[in-house]
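One letter stands for each residue in the lines below.
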Amino acid sequence: MRAATDDGRRAMIAKRWGRGLLISAFSALLVIYVAGPVAWLVSSSLQSEADITAVPPNWLPPKVTFGNFEAIFSNTTREVTYETRRQGDPATGRFLPSGAENLLPALWNSFTVGLWVAILNVVVSITAAYAIAVIHFKGRQAALYTILATRVIPDIALIVPLFLVMRNLDLVNTRFALVVTYLAVTVPFTIFILISYFEQIPRDLYRAARADGCSHVQALRHVYLPLSLPALVASVMFAFLTSWNEFIFALILTQNIASQTLPIVISGFVMDFTTSFSFVNAAGVIAIVPPVVLAMMFERYIVSGLTAGAVKG
Amino acid sequence: MARIRLDGVTKHYGSVTALQQLNLDIRDREFMVFLGPSGCGKTTTLNIIAGLEEISEGNIWFDDRRVTFTPPHKREIAMVFQSYALYPQKSVFDNIAFGLRLRGEDSASVDAKVKSAAERLEISHLLDRKPHQLSGGQRQRVALGRALVRQPSVFLMDEPLSNLDAALRVSMRSLIKKLHLAMGTTFVYVTHDQAEALTLADRITVMRDGLIQQLDTPDAIYNRPANRFVASFLGNPQMNFIEGKIAETSAGPRFVRGDFQLAVDPEVAAGQGGRDVVLGLRAEDAILAGDGGLAGAVTLVSPLGSEQHVDMDIAGVELTVRASKDQSLAIGDRLSLAVEPARLHLFDATSEQRLAASS
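In the order they appear, the protein sequences are chains S and G.
The working numbering puts the first residue of the first sequence at 1, with every later residue one more than the last.
The working numbering puts the first residue of the second sequence at 314, with every later residue one more than the last.
Hints may be right or wrong, so weigh each one.
Said to hold, decoys possible - Simulated restraints on C-beta separations: (1) 124(S) / 369(G): 26 to 34 Å; (2) 135(S) / 328(G): 18 to 26 Å; (3) 199(S) / 369(G): 46 to 54 Å; (4) 340(G) / 299(S): 57 to 65 Å; (5) 111(S) / 387(G): 39 to 47 Å; (6) 387(G) / 146(S): 29 to 37 Å; (7) 199(S) / 421(G): 33 to 41 Å; (8) 111(S) / 374(G): 51 to 59 Å.
Keep in mind the hints are simulated off the structure, nothing from the lab.
Where is the CB? At the ideal position from N, CA and C, for every residue including glycine.
Turn these sequences into a full structure, and let the hints guide you.
Take a look at the structure:
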């Protein structure tokens, strides 16, 4: 009898261990899949060109160098002359692709565009979502479907018409054009997220606020916004990241240094004849820093923000 | 203080009609209770008075002011909800102060009013807490405080006690009644609980399917229900209903269903011989005596402490009657039923309306 109990217990422990191992193994795989490219990006940005291109590859820098970052932050427009010819050779590790001086302005452009998109996106979406979720006006469903329908059309199909519209408005090569375009992408999604969040807030709170003397704007400000903080933070992050990472619209709508964003400028470093991987990777690291900092700042809100709308409270 | 008038108010939700041609006159300082089952339109009516729902037809008046299109925040109302509806991110103090601050009152006056309301409701020690740190009863007190601190002209309550346990409900009920007496404000109260309606109301509006069934004092509604629905909705245990006919006899009109026969009020039933009716008999209106007369057997005894409910089978009719707690009763006992004719209710079998005295 006791032997049987012992066997049973042993089997249970083995099963528990087995399950733990399986979960750990899959978690490790997932981490490698997600974090691997980022780790390689960071590692190679700290290596010289020769170390990056070595076979077999150096997973960790044999000799850490900040030369690539130095090149980015200290570069100025310069012509390659006989004296500075070594800067034309990627193998030296001091190679500066043409347009390298655009990197920091592009960083600034990306940041300002992202910021405007994040702010305007939330401002526009909050009022629209409140109206659709809370005020039972006629045509409410139709409004919602119309907003969502705009996202059914693939971006690629919109590029040429958008370009023509922007050109006619004389907005090509402006950051404003990017802000407006990105808002068209982010606003429908944000409205959708916020509607489902607002609808979870008990209706009685709305009724209480109105009875207490709130106008719609005051009910939104005093009741809905404080209770929707996670969804609002998630929306801000979503809009900023969408704007930060966007490539195809920026490629078409901006063609000068004053308006180009980071993805466009970095992609320009991959050239036909010479490509400095070390420089591109260092630029890549700089490109991921702002979103990572933002994500870390708002981490605790994002988690609850992303599950928002999944469960009907 | 306000008199509220609903004038031909109709409310449609798509193809569904929630309220139909509702005419209602709530007197100044009155405690009006809307009573009815779920879906009868009582909460919709309350929301319409509050301005939280727009109406499809008709008009609403507060005194001489037409408020049909006035938004809720301009109607000088206060509202208390079944779910308490406290702002979860605000402290008790801020919850109560919210309405005053919206009105732009200065902080000294806000402070004084909140503290006085809190004292009245015995929640002064809770002012710093958040709603999630409170019990249900405490939360409802905060909700009451939030409403009364604004000194509204109309107090609206949507089943405020439904989420509380039985004992708390009774004490909160008397608190609300006292508040009404002290404040001298019009109260409109929605409930499906007949005990709340009967104890609190000056007048009760019984509703069903968006229509008013009866609007009268609690006494009239209980003792002279306008139709079978009202009669069935009030009273515990529910009124007994027996279908039968009126027969004219030499001794006066009688209700007849086979061997089950009872003398009925001649003022009501005279000249109605042969009419199909439903007899209504409240459990407490029947007196149980020894065997003889209209007799039957006890089929179930349900002791309730203060009294007993006795199920009987009399001439094939199932009845529930009330007996005193001291009466010793057992299943199978044979007892007879004595009823005063004036205590019986007669409803038309088809229209289900009460047959009233012809005088």
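Going down the list of hints, with the structure as the test:
{"no.": "1", "hint": "124(S) / 369(G): 26 to 34 Å", "verdict": "holds, 32 Å"}
{"no.": "2", "hint": "135(S) / 328(G): 18 to 26 Å", "verdict": "holds, 21 Å"}
{"no.": "3", "hint": "199(S) / 369(G): 46 to 54 Å", "verdict": "violated, 24 Å"}
{"no.": "4", "hint": "340(G) / 299(S): 57 to 65 Å", "verdict": "holds, 59 Å"}
{"no.": "5", "hint": "111(S) / 387(G): 39 to 47 Å", "verdict": "holds, 45 Å"}
{"no.": "6", "hint": "387(G) / 146(S): 29 to 37 Å", "verdict": "holds, 32 Å"}
{"no.": "7", "hint": "199(S) / 421(G): 33 to 41 Å", "verdict": "holds, 39 Å"}
{"no.": "8", "hint": "111(S) / 374(G): 51 to 59 Å", "verdict": "holds, 58 Å"}
This entry does not satisfy hint 3, going by the numbered hints stated previously; all others are met.
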